[in-house]
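Using the working numbering, read the sequence shown as starting at -5 and increasing by one per residue.
Keep in mind that the hints were calculated from the coordinates and are not lab data.
Hints may contain errors.
[Said to hold, decoys possible] Using C-beta positions, here's what the derived DEER-type ranges look like: (1) Ile77 with Tyr10: 21 to 29 Å; (2) Tyr16 with Arg132: 23 to 31 Å; (3) Ile134 with Gly59: 36 to 44 Å; (4) Pro9 with Ala82: 29 to 37 Å; (5) Leu154 with Ile134: 24 to 32 Å.
Each residue gets a CB set at the ideal place from its N, CA and C atoms; glycine is no exception.
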Amino acid sequence: MGVVLQDSSHGGRTPYEAFTVYLIGAVSVLADQFVKFAIVTILTLGQSRPIVDGLFGLRYVQNFGVAFSMFWGAGGFLLLPAIAISLAIVVYQWRVRRTEPLVVAALGLILGGALGNLIDRATLGYVRDMFDLQWQGRNIFPIFNVADVSVNLGVGLFALQYMLQGRKPAKAPVRADS
-5 MGVVLQDSSH GGRTPYEAFT VYLIGAVSVL ADQFVKFAIV TILTLGQSRP IVDGLFGLRY
55 VQNFGVAFSM FWGAGGFLLL PAIAISLAIV VYQWRVRRTE PLVVAALGLI LGGALGNLID
115 RATLGYVRDM FDLQWQGRNI FPIFNVADVS VNLGVGLFAL QYMLQGRKPA KAPVRADS
């Protein structure tokens, strides 16, 4: 995936890459928390508001599960995966030098998304979701939030980097003739 382990004497990362991962993560968390705060001030639980009639709307729901409401009601147990993912990204970022900007962006987005939902789960016991995709006015996809979008964009960037990396031609072997 375009990653090269570095000499541990340099901490395995460049300051620019570390800063960028954390900056993207922080922006993701702030955007997520801002939208969640805004949604609870304009909508009551279960209330919806159409944005693009019949296609997209806002609906405030409380998700006591994880993605797509799996493991509904698992409570504090759901904090552990988010903490583990966040710590793994921080450790990975410190140990590995990323040579591709897509990997840096992916790490920041996944970190921000994991932390955004972790904040909700740790402080409220549930995650606030609000984006409602519809077809002809009927819900066609689980309701989601900015943190979910961040995680999915990050995973998508990893996949894109993997596909792009596979398309690069292999370097020709260097001859050792004297």
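Here is what the structure says about each hint:
no.	hint	verdict
1	Ile77 with Tyr10: 21 to 29 Å	27 Å, holds
2	Tyr16 with Arg132: 23 to 31 Å	40 Å, violated
3	Ile134 with Gly59: 36 to 44 Å	19 Å, violated
4	Pro9 with Ala82: 29 to 37 Å	21 Å, violated
5	Leu154 with Ile134: 24 to 32 Å	25 Å, holds
Checked against the numbered hints given earlier, the structure breaks hints 2, 3 and 4 and satisfies all the rest.
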